[in-house]
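Engineer: When you get a sec, could you build the whole thing from the sequences and use the hints?
These protein sequences, in sequence, are chains A and B.
Residue numbering for the first sequence follows the working numbering, beginning at 385 and increasing consecutively.
Residue numbering for the second sequence follows the working numbering, beginning at 150 and increasing consecutively.
The hints are simulated quantities; they were obtained by calculation from the structure and are not laboratory data.
Among the hints, a few may not be true.
Stated by the list, open to error - With a cut-off of at most 30 Å between alpha-carbon atoms, the simulated DSBU-like pairs for lysine-lysine come out as follows:
| hint | chain 1 | residue 1 | chain 2 | residue 2 |
| --- | --- | --- | --- | --- |
| 1 | A | 676 | B | 601 |
| 2 | B | 523 | A | 459 |
| 3 | A | 676 | B | 523 |
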Amino acid sequence: MSPRTDPIAPRLSWDVLSSADIERVHEASLRVLEETGVRFPSDTALDVLEAGGCRVDRATRVARLPRQVVMACVKAAPREYVLAGRDPDADLRIDQKHCYLSNDASGVFVLDRRTGEKRPSTKADVAESARFVDALPSVSYYWGPVVTSRDVPPATKSLHDAEAVFTSTSKHFQTVTTVGQKQAEYVVEMAAAIAGGSDELRRRPILSFMQCTVDPLSHDAANLEANMVAARHGLPSGFMPMPLACGTGPATLAGTLVVNQAEALSGVVLLQLVNPGAPCFVSAAPSVIDLKSGGYTGGSPEDYLLAAACTQLAHFYGLPIAMGTMATGAKAPDWQAAVDDSFSTFASVMTGADMMNGCGLLDGSKVLSYPHLIMEIEIYGIVQRMAKGIEVSDETLAVEVIQRVGPNGTYLGEKHTREHLRDIWRPTVWDRSTYAQWIQSGKAGALEKATRIADQILESYRPEPLPEDAAAELAAIVARADKELAES
Amino acid sequence: MSEDPHKRGGPGSGRGPVTGLRLAECAAARGLREAVLARLEPGELRSLAAAPPGWTLGGRAAAGVEFGAGRLLLVAGGLPDQIRDWSAGAPRPSTPADTAAFCALADALPEVAAVAPPPAAGDEPAAVRRLAAVAAAFAASGKHILAIAAEAAEVRSLAAMARAVATSVRESPAASGDAEPASAPAGALMTAGVMPGDGCREAALAAAAEDLPCLVAVAPSFLAATDPVAAAAEPLAAAIRVAAAVQTAAPGAAVGLVVPPMPPVPRAQLGAGGLAALVAVAQTGRALGLPVAATAMAAHSTAPDWLSSTENTAAALAAGMAGLDAILGAGLLDGGASVSLEELATDAEIYSYCAATVAGFPVDDDTLALETVKAVGIGGNYLGQRHTRKNMRGVWRTRLFDRTPYEQWLRDGRRQAPELAAELVRATLADHEPPPLDAAVAATLDRIVLGKES
Chain A
385 MSPRTDPIAP
395 RLSWDVLSSA
405 DIERVHEASL
415 RVLEETGVRF
425 PSDTALDVLE
435 AGGCRVDRAT
445 RVARLPRQVV
455 MACVKAAPRE
465 YVLAGRDPDA
475 DLRIDQKHCY
485 LSNDASGVFV
495 LDRRTGEKRP
505 STKADVAESA
515 RFVDALPSVS
525 YYWGPVVTSR
535 DVPPATKSLH
545 DAEAVFTSTS
555 KHFQTVTTVG
565 QKQAEYVVEM
575 AAAIAGGSDE
585 LRRRPILSFM
595 QCTVDPLSHD
605 AANLEANMVA
615 ARHGLPSGFM
625 PMPLACGTGP
635 ATLAGTLVVN
645 QAEALSGVVL
655 LQLVNPGAPC
665 FVSAAPSVID
675 LKSGGYTGGS
685 PEDYLLAAAC
695 TQLAHFYGLP
705 IAMGTMATGA
715 KAPDWQAAVD
725 DSFSTFASVM
735 TGADMMNGCG
745 LLDGSKVLSY
755 PHLIMEIEIY
765 GIVQRMAKGI
775 EVSDETLAVE
785 VIQRVGPNGT
795 YLGEKHTREH
805 LRDIWRPTVW
815 DRSTYAQWIQ
825 SGKAGALEKA
835 TRIADQILES
845 YRPEPLPEDA
855 AAELAAIVAR
865 ADKELAES
Chain B
150 MSEDPHKRGG
160 PGSGRGPVTG
170 LRLAECAAAR
180 GLREAVLARL
190 EPGELRSLAA
200 APPGWTLGGR
210 AAAGVEFGAG
220 RLLLVAGGLP
230 DQIRDWSAGA
240 PRPSTPADTA
250 AFCALADALP
260 EVAAVAPPPA
270 AGDEPAAVRR
280 LAAVAAAFAA
290 SGKHILAIAA
300 EAAEVRSLAA
310 MARAVATSVR
320 ESPAASGDAE
330 PASAPAGALM
340 TAGVMPGDGC
350 REAALAAAAE
360 DLPCLVAVAP
370 SFLAATDPVA
380 AAAEPLAAAI
390 RVAAAVQTAA
400 PGAAVGLVVP
410 PMPPVPRAQL
420 GAGGLAALVA
430 VAQTGRALGL
440 PVAATAMAAH
450 STAPDWLSST
460 ENTAAALAAG
470 MAGLDAILGA
480 GLLDGGASVS
490 LEELATDAEI
500 YSYCAATVAG
510 FPVDDDTLAL
520 ETVKAVGIGG
530 NYLGQRHTRK
540 NMRGVWRTRL
550 FDRTPYEQWL
560 RDGRRQAPEL
570 AAELVRATLA
580 DHEPPPLDAA
590 VAATLDRIVL
600 GKES
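Structural biologist: The following block contains the structure:
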């Protein structure tokens, strides 16, 4: 049986910031938190922050966070924890040594595999995408949903999303669309129903939460409420700033890094004040404005420099990080997508991002394409092999074998070759045929191969089903929520 | 796109040579270095100490670029004598016009530091076709030429060509130190890349005798080995021995190493392990004080597509972070068997992307921008800030990435990088006028190619 997850444990590393750089960004972030502050548009959050020693301005809803409070909260946050799967074999150990890839999230369209055209996503797509991810060891957990249910009541969309995910994958689920206290409580209830109660869910969290901040230096009320629910239940959670240099962050990358850090750390402070010791993480998906259109670039060198720097800073604090990775702005799985995805994955892996979010979407995280997801996994595999580096030992130097084979010999028949053949990376969709073979195959390229693989998974893969009683309980919770929230 | 290729981009533009960040030395490099050192004589190691760390890649109409100065340069071209027009599909034999177009495009692209001119197909001996390509490159490009040679006689012809061109290139009085501008030295315009094989040693010695900088080839078959790092020890040591012989014969002569493209053997292509081996070779060469170039691009794809992109992106990143001094092979497809103008355009974009990434960013009072962060405060935007206006030109800008909205992309006909690259090539070749080569010099080059003048 193949493993359920396939993290990268990088041996090579890339430092984009020096120790002195890290200290300067750290000090600057603390100054911004203490002097400018961050807006928390939630009375509950402001109550928590004030009680925890922060200076709160109720009129502007801005909290100024003293450095001693910030650092105490950073210290209180656990360095390691488990993101559990319903299937224990799919557990992720978040330990700042492994990099886990997820799918991307919050898309709103699907490239229909029959028509090839994009169409709005549905609840059935959420279920299908979770089933797809369940089949792929490289995608270690389900983030999202990758596309949202657009055919359900908006007020309970996140619950329908969660139901579709929980019934279609036994991997860990990190929700990014659950906002507001009530929705969050319902989703936690669903997870508890699967886990066997709240205590068991706390012990083995099969659910975690991520919310975006509102750049610069602000939060969204509903997002704060949802993550506070997670913290109270002892579920892992974190906030993802997405500052755009030149727009919602300074044009200089160091300055955008300061804005990103201030927002991310403000989330850690809140979560630790809500429940000291609750598992949490920082996150980031910083980018730069497209100077031509004023829009989101969906991939640029600045993105990867910022990503690498954010990961270094997170580990400086001893905090796990979920890093925006892949998520190309390309409209098709093409040359541009490959450049973006390769650089992005390389930056995240070589700096040791704990969670990498993620694969599967095109057009700046809007459009789901299953073949594209398969091609991104190929890139993940290449970077995985590179990050392993090269082992140098008597066995791998193989001097005796080299001397035996001698000049102009061949290593093909050697026992040493047979023993190490399987260590060599092998492609799934890369084409290595001769030109004649390629013509004979109908010029099948990576996209054609990836499409075949994706179709096969979609047509034949069946995940470990959720027990019937748990599935029925989820349906009942969603029906109850539909009634309560849709009518409120 | 003209003038000085490495001043066009300016600091922070991501268009210049890659410099800055480095991956830590990989353990494999240490192992490979030990294996190589064990194969060299103490006298050879002593003679290598005289080798300079690099040299200037000058051009007849381009400012010099430092090779071996801790920056990664991009070299376009190689030796294939077939070409792929992206719109046509199958490769076809190259013509002299293709060579000229390729060199003109390389001249126009600011990312390209030097041109290795691809020869046209034909019945003439390969060495003659290579010389003809060099003559075409001198006519179509003002940049430094990397001329590939197999034997000493060929190197001597190349040196004669470089000398002929150098007569038309005047150093500034300040540079020459004289009141009257002097001719540029031939070695400023050309580097000889000597192929592995029987003639390698003599060719390298000939280059030194002719005052041409020289890159000695490391036979690339190790890239296809089960364990490429282990297999690299012998060919790398052989190349270093040649470099040592050059230093013994001409102490201080400019010499380095180059890993040429691996022969396009089916099912034995450069993968992630091969890249790691290139890193090890680069770091071993650098540790011995020799600059190292490698054919890290030369995608095995048949078009500038997703496959070529993943190959060359990984290669550029590995090269950039390992301390390689130059990437060769920009514009090659089929594992180095074909050239493609569109691929050259996309490879230049990858290099540019890599340059901007590997260059890192400064952290200081100005870039931390605390005053601006305070001024903008909570919920504001930075667009109107003076700090933004002052620094926004440092943001990397694309030539080939599509960042239009999805619906517009559909309306525009779903154009992808190959189409955009083809457009860029057409527009560039239509607009770009290579600096003219003196007619008498061109005639001299032709005579050297035909063997009528040495």
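Engineer: Does each hint hold? Answer for all of them.
Structural biologist: How the hints compare with the structure:
{"no.": "1", "hint": "A:676 with B:601", "verdict": "violated (55 Å)"}
{"no.": "2", "hint": "B:523 with A:459", "verdict": "holds (27 Å)"}
{"no.": "3", "hint": "A:676 with B:523", "verdict": "holds (27 Å)"}
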